[in-house]
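Listed below are the residues making up each chain.
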Amino acid sequence: MRTKILCFSLVFLASFCEASEFNPAMKAYVAELKAQAKASNAKFIDFDANRGEQIFHTKNKGKDGEILSCQSCHNANLKQSGTNVFTGKTLAPLAPSANPQSLSEVKNVQKWLKRNFKDVFLREGTAQEKGDVLYYLIKQ
Amino acid sequence: MKKQIFAHFIVAGAVLLCGALNLEAKGGGFFGKRGVAPVSNPLYTEECASCHFGYQPGLLPSASWRHIMTTLNQHYGTDASIDENERVQIENFLVQKCERNLKLQTKCQNHPLFAIWRALHEPNANSLSAKKAQKNRQKFGGSKRSALTSALRGLS
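Protein chains in written order, with the numbering used here: chain A, 1 to 140; chain B, 1 to 156.
With a straight-line Cα cutoff of 30 Å, these simulated BS3-like cross-link-like pairs (lysine-lysine) come out: (1) A/Lys79 to A/Lys61; (2) A/Lys107 to B/Lys97; (3) B/Lys97 to A/Lys89; (4) B/Lys97 to A/Lys111; (5) A/Lys27 to A/Lys114; (6) A/Lys27 to A/Lys59; (7) A/Lys27 to A/Lys139; (8) A/Lys63 to A/Lys139; (9) A/Lys43 to A/Lys27.
Calculated directly from the structure, the hints in this document are not laboratory data.
Given these sequences and hints, build the entire structure.
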């Protein structure tokens, strides 16, 4: 009986862990970003969720001269849906805990990281910045 | 007079036929469902129509689609760049589909009834309309008026 309970609780815990972890394809993408980050900065060790959060909150004079941060469209509460300030389009929650689709498809992640860094910071993010943001978001 | 009315029937028929042939609708055309069918390409729907209306390929000539698909990083004020492999797939889809549409237009324009319509509307030296125009000019005077306007004047 005890082992059964232990088993169940382990499965339960495992399912919890899964929610804050990248899937295999995303892990490969993160590894790719790590290699790039290392190549451009010898001191680089790993991505950092705190740095990612900072980037996510940073306001900048972005697209069309608007003062923007990632939160402008993705909502300060990542478990809720957001609204694109330019188009009014509803954006599904970024937090994987609220939206399992989020951060699940490499192609999609690459596309929006590229576009949205440009929207807010008027330039593409570096590999380190992208990784930091992903580390922050996966925990939400 | 009767001949002129008959000619107008032919023209109307040709125009209707062209319209019927030109519809891009799947199973469409004059006798089927009317109107232009929505685009049914999953990749196009996902990458393009998730942000805006999925414009049908036939709405633009291929050169314009090529321009749009090679300037996605500046897409009406937004960076809409996508994965290169998929960009190529979408561009090919748009270009091929709109060229198919162009083929339909050509087919329609090569139709014998369209030749009559053209003869009546685009006068040139050897066409039926030129002879008619000459006849009309003699009848009504004027030089630059087209055969059709003259004929219409004759009807009223």
